[in-house]
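Asker: Following the hints, position chain B against chain A.
Number of protein chains: 2
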Amino acid sequence: MRVATLKDGTRDGRLAVVRGDGAALAPAEGIARTLQAALDDWDRVEPRLRQLADGLERGRIAGERVDVERLSAPLPRAYEWVDGSAYLNHVRLVRKARGAEPPPTLEIDPLVYQGGSGVLLAPTDPIAVVDERWGVDFEGEVCVILGDVPQGTRALEGGRHVRLVMLANDVTFRNLVPDELAKGFGFFQSKPATAFSPFAATPDELGGAWRDGRVHLRLRVSYRGEIVGDLDAGPEMHFSFLDLLQHVARTRAFTAGTILGSGTVSNADPERGISCLAERRAREMIAAGPGGKPTTPFMQRGDHVAIEMLDESGRSVFGRIEQAVT
Amino acid sequence: MRVATLKDGTRDGRLAVVRGDGAALAPAEGIARTLQAALDDWDRVEPRLRQLADGLERGRIAGERVDVERLSAPLPRAYEWVDGSAYLNHVRLVRKARGAEPPPTLEIDPLVYQGGSGVLLAPTDPIAVVDERWGVDFEGEVCVILGDVPQGTRALEGGRHVRLVMLANDVTFRNLVPDELAKGFGFFQSKPATAFSPFAATPDELGGAWRDGRVHLRLRVSYRGEIVGDLDAGPEMHFSFLDLLQHVARTRAFTAGTILGSGTVSNADPERGISCLAERRAREMIAAGPGGKPTTPFMQRGDHVAIEMLDESGRSVFGRIEQAVT
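For the record, the sequence lines run as chains A and B. Throughout the first sequence, residue numbering follows numbering that gives the first Met the number 0, covering 0 to 325 in sequence. Throughout the second sequence, residue numbering follows numbering that gives the first Met the number 0, covering 0 to 325 in sequence.
Pulled out of the complex, with its shape left as it was, chain A reads as follows (with noise of 0.2 Å):
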């Protein structure tokens, strides 16, 4: 099943069902009024959306069309967005390109970081950007929304908190980092609001493609209009997502709709390209030698990025995050 929220002018826009073929839609009147309140009350919630979405497939209900502009992101405000750092390659690689070692650690304790989550970005939304000079950049990433997570609870468990999975675009502002990891406290100024795709899948949705607590499909990166990432997401993905459920929930429970995301994916081979510019950028500077400096700008206004994942019948599973800097 794939969800998705209609922007109706509330807060928290109005819930829908996702036709398989992803071109039509149809409002969970009556069931669920926002996606919010159907994880609130999922087990109770969950079977009716599943008897909706079957109407819509056997087309017993005729929806409404799917249009992208008018979906914001599944959840338009959120409780936790929570962010992993999961695939290695992206911290080695951004690290050496720099000089610095990464944290000795770095293969046992995930890193990971608490993000805003009052003001989500709709998958359309543009990237508003006040001044250029802040470096701006974009994360495709993968992300799961939980249900109610107890403290302690452990990896092996995770799965069953587990209620859909979704992208993220994790835009960052390159060079606000460093002055604000200097201070200690982690991100803040240079972590702008996230957008999210304009569909979320139950787990089952994916099939085979979800397991390990990982999304074993390919990222497709378009900038400016060129492919420049097509990257599994699956193997590379060092700590899974319960393996980062784990780690957060080790001194702290967490209220149903917390996102958790995978961090920037990222494969060692080059030649599957990047879901960050920072990558590329990296890449230049360890091939200059050093001193070296980088060739590819951060985002200029009006460049694009579209984020999306295909499954093995090519079909865009949550649809396609499409945004510009403005």
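Mixed in with the good hints there might be a few duds.
Repeated chains share a single entry, so a pair holds when one copy, or any two copies, can fit it.
For lysine-lysine, the following DSSO-like pairs were computed, each having C-alpha atoms within a straight-line distance of at most 27 Å [what the hints assert, rightly or not]:
#: 1; residue 1: K95; residue 2: K292
#: 2; residue 1: K6; residue 2: K292
#: 3; residue 1: K292; residue 2: K182
#: 4; residue 1: K182; residue 2: K95
#: 5; residue 1: K182; residue 2: K6
#: 6; residue 1: K95; residue 2: K6
Don't read these hints as lab results, they were simulated from the structure. Quick caveat: nothing in here was measured; it's all calculated off a predicted structure.
Answerer: Just chain B now, with coordinates in the frame of chain A:
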């Protein structure tokens, strides 16, 4: 006006207004079910809540007896919890104790971190600790609840976005901090769920004590039944709430219901005491000279902490946070 949230078995509880003497409250039936709903529609809801509070004050409404055990945090879950570190004495003291310099931008660039906001503790909830070796500490703080804040909001215009003021106990697992900050992504496991005061007050309820975006009242902290802090929360708050607001709104917007914290209240005069054990330990380390060890342990199971703020008339403005480690 002061508001509180009654536990009623739902995730967000039931909004109530509180009588001036803090002894009675009236549920906001038919006005706004929850505090979040009120904040979402504040301009329409606020006058009606004030009318209800007035009826309670004048005895036209009998109200119910306030039982703090029946109250949750004013917002049992919030869309964001952003915490500053605005009392520079705290930063200087703690860094001096470990022989580190404060960041060179300490006085011009606020330190803030993004906290977890999906599960917030009631004023009398226990501090549930799996392992005492985590180094359990309390942190008495003042915080504000914001209305919608557009990106780019400046300090000068920030005042009109402050809806409510309350207190927090920003529990910290001190011994998890160093490894976590060494990884560069800020706090995560070291910041378990935060507890909040029983009542939240509109700024006008504080009279002249709310000025310059600061609360000019004393924060009273008791630990193990003894008053350990009687701190002036006003003048030494180097960055006001409005300064913090300008800082965090530089690159993104905030939704109504965002909580913004002051960081540990701290005074340079040691006679004023402490609002966190880390400061007492820091003073002990500094007094003991190079390599000196602190003698005060962190909280142990069974230890109690209480945090409240008294106004000029001796009234506990926000009620009392009172927690024990379990």
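Asker: Work down the list of hints and note, for each, if the structure agrees.
Answerer: Against the structure, the hints:
1. K95 with K292: Within. Shortest intra-copy distance 13 Å satisfies the 27 Å Cα cut-off; inter-copy 38 Å does not.
2. K6 with K292: neither (43 Å within a copy, 58 Å between copies)
3. K292 with K182: For K292 and K182, the Cα distance is within 27 Å both inside one copy (25 Å) and across copies (26 Å).
4. K182 with K95: So K182 and K95 pass the 27 Å test inside a copy (21 Å) and across (16 Å) alike.
5. K182 with K6: Neither: 38 Å inside a copy, 39 Å across copies.
6. K95 with K6: neither (43 Å within a copy, 52 Å between copies)
Checked against the numbered hints listed earlier, the structure breaks hints 2, 5 and 6; every other hint is satisfied.
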